[in-house]
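Enquirer: For reference, the chains in residue letters:
Number of protein chains: 2
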Amino acid sequence: MTKTAILGYGTVGSGVAEVLCGHEESIARKADGPIQLKYICDVREFPDSPYQDRFVKDFSVIENDPEVGIVVETIGGTGVALDFTRRALKAGKSVVTSNKELVATHGYELTHLAAEHGVCYLFEASVGGGIPIIRPLTQCLAANDLLEITGILNGTTNYILTRMARAGAPFADALKEAQANGYAERDPSADVDGHDACRKICILASIAFGRHIYPDQVPTEGIRNITPTDMDYAEQSGRKIKLLGRAVLQPDGTVSAYVCPHLVDMENPLAGVEDVFNGITVKGDAIGDVMFYGKGAGKLPTASAVVADVIDLARNKEHRKAVLWEEGGPDAVSAHPMATRWYVRAQTRPEDLRKTLGGGQVLARRGIEYGETACITADSLTPEELKQRLGALQPLSVLRVLD
Amino acid sequence: MTKTAILGYGTVGSGVAEVLCGHEESIARKADGPIQLKYICDVREFPDSPYQDRFVKDFSVIENDPEVGIVVETIGGTGVALDFTRRALKAGKSVVTSNKELVATHGYELTHLAAEHGVCYLFEASVGGGIPIIRPLTQCLAANDLLEITGILNGTTNYILTRMARAGAPFADALKEAQANGYAERDPSADVDGHDACRKICILASIAFGRHIYPDQVPTEGIRNITPTDMDYAEQSGRKIKLLGRAVLQPDGTVSAYVCPHLVDMENPLAGVEDVFNGITVKGDAIGDVMFYGKGAGKLPTASAVVADVIDLARNKEHRKAVLWEEGGPDAVSAHPMATRWYVRAQTRPEDLRKTLGGGQVLARRGIEYGETACITADSLTPEELKQRLGALQPLSVLRVLD
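Heads up: the protein sequence lines correspond to chains A and B, in order. Each residue of the first sequence is one higher than the one before, starting from 1 at the first, in the working numbering. Each residue of the second sequence is one higher than the one before, starting from 1 at the first, in the working numbering.
Chain A with its partners taken away, still in its complex shape (with noise of 0.2 Å):
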């Protein structure tokens, strides 16, 4: 028998609670034995919640329980979730969270903390809701070496490009949709400025590359600036603006980790992933690309991969191999950005703006604004390269181009 306690009642916290206790038969098999929720710890009250007799207010009760094996954390953000935490793992429970961001800037010291008293810190619901993609990344892709990871991390923006490639709608219309559905907060910078993506590659590109690597250090940019004019042009040339958080590993180790907005070229299948959905790809030098494909985020969604880190940690109790990575630091990641080849449009004619740019491509698009034009240049350029190829002119949209 293992038993459980859940910190935080909110949306994701009951859907664990609703999964364990839905599935408690076909758990109890995939386990090797009952999992029991003996509490909840929450300062609000629930007077409606059928799981009334397990909340307890204050957290020493389930520190101080030796019968509580393992905690699931799903209260968010970095204050008191980040205390609980240590004082779970120190009081010898292994804890489970979806908390992106308590990963992001404290997974280092957790998952160490963890091995040091012999116990697990799991996080697969922390980077694309239950789609699976921890635990392929350090078991099934074990006989590779990683290379790349590119995704499309947040399903707000990703909703939101979608409906303006849609619609034709401008940035402010598909957000205020987005927010009448209920996929976007009423405050959406998390999501439209690249923090929630941004969090969730620096764990992916921990696990994969072997060092911590934070998100002060992943240059990151939103989609608050993308036209409808720069999903015309990307459109009609065969190509999606995706939001794209990369971690590739370059030839002397370090990691380029950046989060932006892409023209992704329609062949690619992450051009294919619309509306919420998320969708990781990973290279390896044996397997090559595969891609991951889901709901990055929603209630029941992100609680069967809190369950099934549950699930795993109550079957092999005794064994269960940490996930780890060293300590970061400033040269864990790439001294300079990584070149890309780039989306410019400028209010200029198309052979002086191929001039500037050193070649390129020059973009149709039906309903051309007089004067402007849009290239995607010849070479891969740093951002710094490019900025001197522009020199005095001031192009009115720049976008990264994914190859």
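Simulated from the structure, these hints should not be mistaken for laboratory data. Certain hints may be false.
Since the list gives no way to pick out one identical chain from another, each pair is judged satisfied if it fits inside one copy or across any two copies.
In silico BS3-like links for lysine-lysine, alpha-carbon gap of 30 Å or less [stated by the list, open to error]:
id : residue 1 : residue 2
1  : 387       : 57
2  : 317       : 90
3  : 3         : 283
4  : 317       : 3
5  : 317       : 57
6  : 321       : 3
7  : 176       : 3
8  : 321       : 90
9  : 299       : 57
The hints should help you fit chain B onto chain A, whose structure is shown.
Expert: This is chain B only, laid out in the frame that chain A set:
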């Protein structure tokens, strides 16, 4: 130190040797100790192989060597591969395989034989080449009740269908091209008649739904009868034609499994799976739809999946939980084939075809033949119900539609 032996030094077997010996250091780190390739068993001579000193012709050398803990079977087929697998398991060695035919026909026996002897029979590489699918099904989605698996499981036929769609080529020409490019065998029957996809859906269904589904219980139809005309109708109605293997849990607990070409809506992520790629969607009650995508065949992708299983076994020597299911039988599969909508093309007038089918959507096509009509039925029908509606009409094509 874990010692292994490879049985069969063909494409996959030599790939496994290459991956094991080319990643020794990183594999040792992930497996908590080195993995040594001690023997390669093949009756042929390989004077140029770098592993010259490890070849043996007699399997009993491996069978009787207590140092060998893991045997990799990449012989293929159900003859000597079955004999050697049984003997290895009885000798207390775990077996890892990429042999889908053997797992699909003898998986129940071999997984249980392994469990009796306290070892494992693993086969991640038998479905989807290097794409992680078996481990996600058994571990990552453990908190879900699985409802359906639908996949493009064969790269050869997907390549042929992609070429037909893009070049407007007839089946015979696209097949020749696939053979010229090394994507199809000289005798292409196992691929183009759907047998390979059938074996794979049997393996996935057995794992997902808990009872062995045998290939002879799965109605299987290949792609020989697909014409450029059908391709045109599909494309002009916003669909693609894909060979799908499906296994769907029915309300009575039985499984409907079948393999045949389907019209797939462009919005479905499976429609974007082109060329030699595979894509497998899994529906769970909590997670909704997830898709796994990648190269479904090839020496190194398949070898990397084999080696991931070897690492898993090496790292969890004493306590790797078995992947097991119950014996099958006639009551494991549904008594009636599944109902879907259908695409019907016939030499008749639109109004007559709609009337015959009891309503439906008539498809438009440029360059339509006089008197020919293609229609998608309004109702979901079993094959028997469709036959009844068609009555005396002899259609030119009949294909299922994926909804």
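Enquirer: Now, for every hint given, state plainly whether the structure supports it.
Expert: Structure-based check of each hint:
Within a single copy, residue 387 and residue 57 get their C-alpha atoms no closer than 55 Å, and across copies no closer than 64 Å, so neither meets the 30 Å cut-off. Both within a single protomer and between protomers do residue 317 and residue 90 lie at most 30 Å apart by alpha-carbon distance, with minima of 17 Å and 28 Å respectively. For a Cα distance limit of 30 Å, the shortest separation of residue 3 from residue 283 across copies, 28 Å, qualifies, whereas the shortest one inside one copy, 38 Å, does not. For the homomeric pair residue 317 and residue 3, the shortest alpha-carbon distances inside one copy (12 Å) and between copies (26 Å) are both at most 30 Å.
For a Cα distance limit of 30 Å, the shortest separation of residue 317 from residue 57 inside one copy, 28 Å, qualifies, whereas the shortest one across copies, 42 Å, does not. In this assembly of identical chains, residue 321 and residue 3 lie within 30 Å of each other by CA distance both inside one copy and across copies; the values are 20 Å within and 21 Å between. In this homomeric assembly, residue 176 and residue 3 never come within 30 Å of each other (Cα to Cα): the closest approach is 43 Å inside a single copy and 60 Å across copies. In this homomeric assembly, residue 321 and residue 90 come within 30 Å of each other (Cα to Cα) both inside a single copy, at 18 Å, and across copies, at 28 Å.
Taking CA atoms no more than 30 Å apart as the test, residue 299 paired with residue 57 passes inside one copy only; the shortest distance there is 23 Å, against 56 Å between copies.
Taken one by one, the earlier hints fail for this structure at numbers 1, 7, listed in ascending order.
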